[in-house]
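**Q** Spelled out from the first residue to the last, the chains are:
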Amino acid sequence: MLTLRRGEQLRARLNAACRRYLSVKAEPKAVVVADAEYTAEPEYPIIRDLSYKSRKQHTASEWHEQIRQLPTVEEKMIKVNMPRYYGYKVVDLNDTKVPYNALPLTQHYTRTVLEELPTHQDKPDGTKDSLEATLQMARADIIEALEYAHDVYKHQLSLLETPPDAVTREQQLTQIIVELVNRSALQVLSADYAHLNEVEIDYNPRHEAFWVVGGVDPPKNVVKSKEGRKWQKEDAHDSVDRPVQYTGEPYLALRHRHQLPTWKSPEESENLTLAQQLPRFKLDARSLGYSVKYQHAVNVPGYWPSANAPNFGMLSFQSRAHLQLRPTACGERDNVEALHALAIQSSYAWLLAQANYHGFNTFNELTYPLNTQTVITNGREWSFYEYQLNTLLINGQHVDTNARVNFCRGTAPQPLYAEISSEGKCVDFNDNTLRQLLELYIRAPSIQRTADELLPYVGGATLRRAADYENVEQREFLERTFKHLASKRPRHLELPEIYMWEKLYKIDNKTRPMEARRRYFERDINPWRRTLDQHDKEYVSKAERPGGRKNREGRYKKTYYP
Amino acid sequence: MQSITRLLSTCTLTLQPHHRGALSVLQQLRTKTKVVEKPKPGAGQQFRRTVHFPNEYTVAPLKITHLAGRDPVSGRMVAKGIGGGIKQQYRWIKWVRDGPSEGAPQEEIVVELLNDGCRTAKVALVAVGDELKYILATENMREGDILKTSRVIPRIPVRPNDGDAYPLGALPVGTRIHCLEKNPGQPCHLIHAAGTFGTILRKFDDKVVVQLPSKREFAFDRTCMATVGRLSNVEHNKEHVGSAQRMRELGNRPRSGLWKRKEGKHGRKIRRLPPMTTIAPPPLPKEQEIKLTLNL
Amino acid sequence: MRLTNKLCAQHIGWHFKKHWQVQGRRVPRETGAAAELLKMGIRVKTPDELLNKKQEFHPVDIVGIAPKAIAEDQTHPNWHKIACHLFRDNNVLVGGLPQAQVLTNTIEINTFPQQIEDAVSNSQYSKAVDRNVQNAIFSSHLLDAQQVKLPKVKLIERPAFNLPRLYGISHERRNRLVINKLLLEIEKLAGRSVTARRKLMDNVTFQTSVSKDNDLVAITLSGDKLISSSRALDPVKGKFNGELPDLYPMKCVVSMKKQHIYTENNFYPIRSEINCSHPHTIVSFFDKTIVGNIHGSDVTKTQLYGRTLLKAFVAAAARAKQINGVTSCTDLQKPIVVQCVQTDGREFHFGVFQLNTLNLNSSNTTKNYWFHRDSIELFNDCSYKCGRPHLDGYNAEPFRILNAFYHSS
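Chains as they are written, first to last, in UniProt numbering: chain A, 1 to 562; chain B, 1 to 296; chain C, 1 to 409.
Hint data in this document are derived by calculation from the structure and do not stem from the laboratory.
Heads up, none of these hints are tricks.
Ranges of calculated distance between the beta carbons of each label pair, as one might list FRET restraints: (1) A:Lys557 - C:Ile107: 56 to 64 Å; (2) A:Asp508 - B:Thr50: 46 to 54 Å; (3) C:Arg131 - A:Glu470: 24 to 32 Å; (4) B:Ser101 - C:Gln74: 28 to 36 Å; (5) B:Asp206 - C:Gly24: 41 to 49 Å; (6) B:Asn55 - C:Asn395: 45 to 53 Å; (7) C:Asp234 - B:Asn55: 47 to 55 Å; (8) C:Ser230 - A:Pro163: 28 to 36 Å.
All values reported here derive from a predicted model rather than from experimental measurement.
Even for Gly, the Cβ is constructed at its ideal location relative to N, Cα and C.
Using the sequences and the hints given, assemble the complete structure.
**A** Have a look at this one:
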């Protein structure tokens with residue numbers, strides 16, 4: 001298969017060269033007429049490196065270009081999934097587990113520079129008086145909300161015979177607190193800050209993102225296989241790409257129609273030395289405790305692509321309940337780092353998913369930065385982060401050559417209050433924490449871009465989403481396929497597997513020569529090469545068949561895979 | 001080499017004679033035919049499904065297990081041609097319509113008429129006091145109807161409505177009835193299938209003669225309870241199954257192919273109906289039998 | 001085969017076995033020997049008593065992975081001699097609204113209280129609000145990205161079909177989102193002066209037990225959203241008269257499960273010492289895969305209405321008992337008013353309940369009031385049609401009523 005394709009490529013290239021040569025030969029007169037086409041210096045076409053490695057890179061970049069050319073967001077997503085019927089083998093990052101020492105991996109996988117901000121102890125000098133006034137107003141509201149949440153939740157728990165475990169308890173209580181605090185903040189601030197009237201609130205939205213990271217050491221079997229071939233021996237230890245899928249469910253997420261202002265200029269963001277100083281986690285992510293699984297690439301910022309949804313994230317509230325499950329041996333420092341890692345992962349993933357709805361993805365670079373703000377909280381401890389997404393290119397050689405980096409800045413967790421006393425009163429309320437929280441709300445999304453600037457890789461004014469197609473069948477197909485991929489429904493066929501007895505009696509020792517050879521390893525089929533469109537097409541019954549009952553062409557429904 | 005092994009084997013065998021005995025016993029057991037007793041079909045036991053009845057009466061739909069024609073005790077095939085079909089839920093009918101034995105009859109209200117997949121007639125959900133129960137629905141029963149139940153036998157027969165339950169002695173001659181108690185107090189009720197009914201023909205002594213759907217006449221005790229009216233889903237016997245697949249959905253497997261129309265073996269024999277029979281009192285409980293063992 | 005001795009030979013052992021299969025089962029006849037022996041003072045023993053002695057096993061107390069289930073019999077700590085009728089979230093009253101009325105001693109008034117009616121009819125919204133509400137419907141019914149396995153779909157006319165399982169937004173989440181988004185829109189309109197006096201809480205439980213004409217009824221119901229206010233709702237002005245419906249021959253506790261194991265708790269989710277503890281509005285969701293008749297039928301409209309009434313009643317009663325003491329079952333000094341909304345995301349049923357008395361006996365002349373209108377639909381259909389989101393038959397009335405409910409004080 002591979003050799004065949006390769007042969008076709010070579011033949012095509014040969015043909016192209018011949019044609020070029022012939023055309024030059026055939027039109028000597030034209031050359032005479034168009035004198036201006038001549039230049040003093042001869043301009044030769046680029047000489048392509050025909051080594052195996054560069055050819056591979058070339059086909060990859062061609063594929064990336066094909067993705068870029070596709071008109072709609074849904075089609076781009078399907079196109080990314082086309083090569084794999086069973087989905088990619090992805091590193092499973094999620095918001096329910098951060099293993100020990102996850103920060104270097106997170107920084108490598110998201111190409112993020114982390115700036116730790118000191119926690120404010122006193123009132124900063126530059127704050128406006130108006131903010132102080134609203135702060136005082138919000139203070140009473142939020143204290144009341146906190147006391148109310150604690151009291152009601154405690155009262156509800158008294159009804160249960162067996163209370164839920166500590167993690168669930170924290171999640172439930174924090175969900176109540178976050179919703180109440182958010183409600184109070186919006187009520188207090190929306191009078192003065194008009195942008196808060198236009199935010200869309202997502203409750204426990206589904207945040208998912210898929211990207212590909214380069215610069216990871218190859219696994220042992222790859223090294224062994226390459227070392228076994230003479231012509232690949234030198235490249236045996238070249239780094240490989242790893243697909244990554246983040247899955248998260250924040251308590252709350254706020255979205256707006258406009259973008260948040262950036263806080264790093266383009267010059268600051270483009271810094272190769274800074275990029276090369278970033279930690280590089282070359283080992284397999286499984287060595288830390290992350291798991292891998294097969295799944296399709298899914299990019300979801302909490303909602304499906306729609307005509308005029310508020311497309312830019314403003315603020316998200318993440319859970320830290322899983323910290324309770326970490327062993328105490330991890331230590332204080334690593335717990336803070338775990339929070340940083342979670343903030344970076346969740347912010348990056350949410351922004352990547354948003355960028356995906358604007359036509360960018362892990363293979364097609366952003367043309368403008370995206371910003372978001374993230375809060376990680378358990379009701380009492382709050383940590384605040386800001387994130388600026390400048391680049392998405394981390395795959396392949398970009399991990400070494402890409403000069404752009406992403407930025408995250410944030411604080412260590414700080415308490416909003418010391419405790420809730422036994423009478424249900426809030427003790428030692430921390431104004432600074434509240435001030436920081438309100439500042440996140442106050443920061444107005446101000447950046448507006450024209451549609452062309454916003455969606456450079458998307459079809460145009462009339463064709464942005466699958467729903468814009470004129471062909472009804474195509475619209476339905478794309479919508480269904482897109483949702484099917486995103487639903488994580490198991491594939492119709494099971495994952496291919498060689499059973500142990502087969503390995504013993506069929507592969508290592510050929511003890512069953514009389515048996516029919518039906519399994520893929522006996523028929524030289526690589527099931528992992530199966531592409532997304534290699535499935536039985538949907539049958540159209542004779543009664544509904546276009547072109548009459550006897551029409552053989554219309555027997556199966558058309559597919560519109562990009 | 002072989003001779004040595006043979007020699008050794010005989011040695012061991014002679015040394016341990018009781019082992020050999022145990023071995024031979026095992027071998028015998030292996031080839032011995034196990035005698036399995038299984039019931040005969042057609043004796044009132046059904047081999048289509050078992051219903052998992054709870055301890056207390058409930059109107060909640062009950063779970064069933066398909067038997068596919070097998071005897072649930074031995075697991076052996078008894079009835080052919082049963083198997084598969086759509087899993088239905090069973091509604092537990094309260095067969096005994098218990099009413100006051102003196103005074104005004106008890107009144108009940110029909111709440112809802114339901115289709116039950118496990119039987120052909122419709123089922124009515126009936127409420128009385130704080131109790132809900134299912135009974136079989138009659139042809140003319142409607143939601144909101146008031147049903148009467150009584151065990152009183154007045155001197156003049158009552159004028160009953162559809163769905164009312166009275167003793168046979170209280171009903172006028174010519175009444176159509178169903179859910180007829182075989183003997184007073186015996187948990188056996190006749191006439192259940194969709195659209196069927198029995199007719200009260202005459203009365204003598206303390207017996208009442210009823211013609212059953214089979215057209216045979218039986219004399220029942222006058223205190224046997226019966227429900228008035230013809231059972232619902234009258235068109236059931238006119239309905240066509242429609243297709244082989246529908247037959248499978250109903251839980252029936254393909255026919256055996258042994259039925260021969262023209263060979264006379266299965267021919268129709270028209271005979272006169274037997275004369276009126278008096279219903280025998282309920283059989284006495286079977287005596288406990290001892291199973292003696294004989295080890296031959 | 002030739003007719004020889006070999007052919008005619010019979011296996012005597014086989015014949016014995018066959019014979020024994022029949023003759024091996026015996027019913028011992030009563031000969032009177034046992035009685036004779038007993039007369040002589042000799043005890044008769046069965047062979048089993050001597051040969052197969054019954055071994056008594058003492059169960060070993062094993063510490064398992066889960067705490068052992070308590071036996072549900074008279075040894076249970078919550079066992080009571082008098083059985084109680086239990087009503088929980090997944091049940092409905094088979095008699096529908098009339099049964100709920102009799103049970104709660106309530107008369108039905110087919111309008112809302114005057115001030116709410118006025119507020120509904122006087123409300124005027126800009127186009128932007130309408131658009132926001134429609135966007136809220138879209139984002140909760142269609143555009144939310146949750147994809148979970150939905151309940152099985154069966155075609156009634158084709159029960160043998162196994163349809164492909166659908167993935168999508170779960171019913172519970174859809175309802176939660178639509179209510180949250182509508183309330184957010186209402187709070188934006190209301191401004192801080194009103195919203196500061198309300199608090200929202202998700203997934204609360206109400207529990208109360210009442211006695212009705214010698215029957216004990218324990219009700220445990222959940223409110224999927226509770227709006228509490230800092231001031232109690234004012235009683236509805238005016239006097240209302242009406243007759244309770246007649247359920248004969250049913251009793252009002254029919255279709256409630258009767259049990260001996262129960263607790264006579266009274267539970268109101270917010271302690272009375274808290275500032276914002278008065279019940280204002282209860283929003284409850286209706287999911288037909290969870291809520292159903294005890295006999296497995298679909299829930300009818302009147303049963304749905306009855307459920308709304310019971311939800312409102314249990315909240316009001318739990319609150320009244322929290323204030324006046326658990327044992328109180330008399331007329332209330334100050335009536336408690338609770339508004340209730342029940343929705344399946346599309347259809348909304350609104351009602352206002354006024355608890356005048358906790359004495360539910362039919363002899364009591366004071367009745368509770370239930371103001372409601374028939375349920376209305378927020379829209380006809382909201383789905384992807386031909387690959388495009390599609391909203392059909394949007395109706396602003398539910399939003400207006402919900403807004404009026406939120407504002408009423």
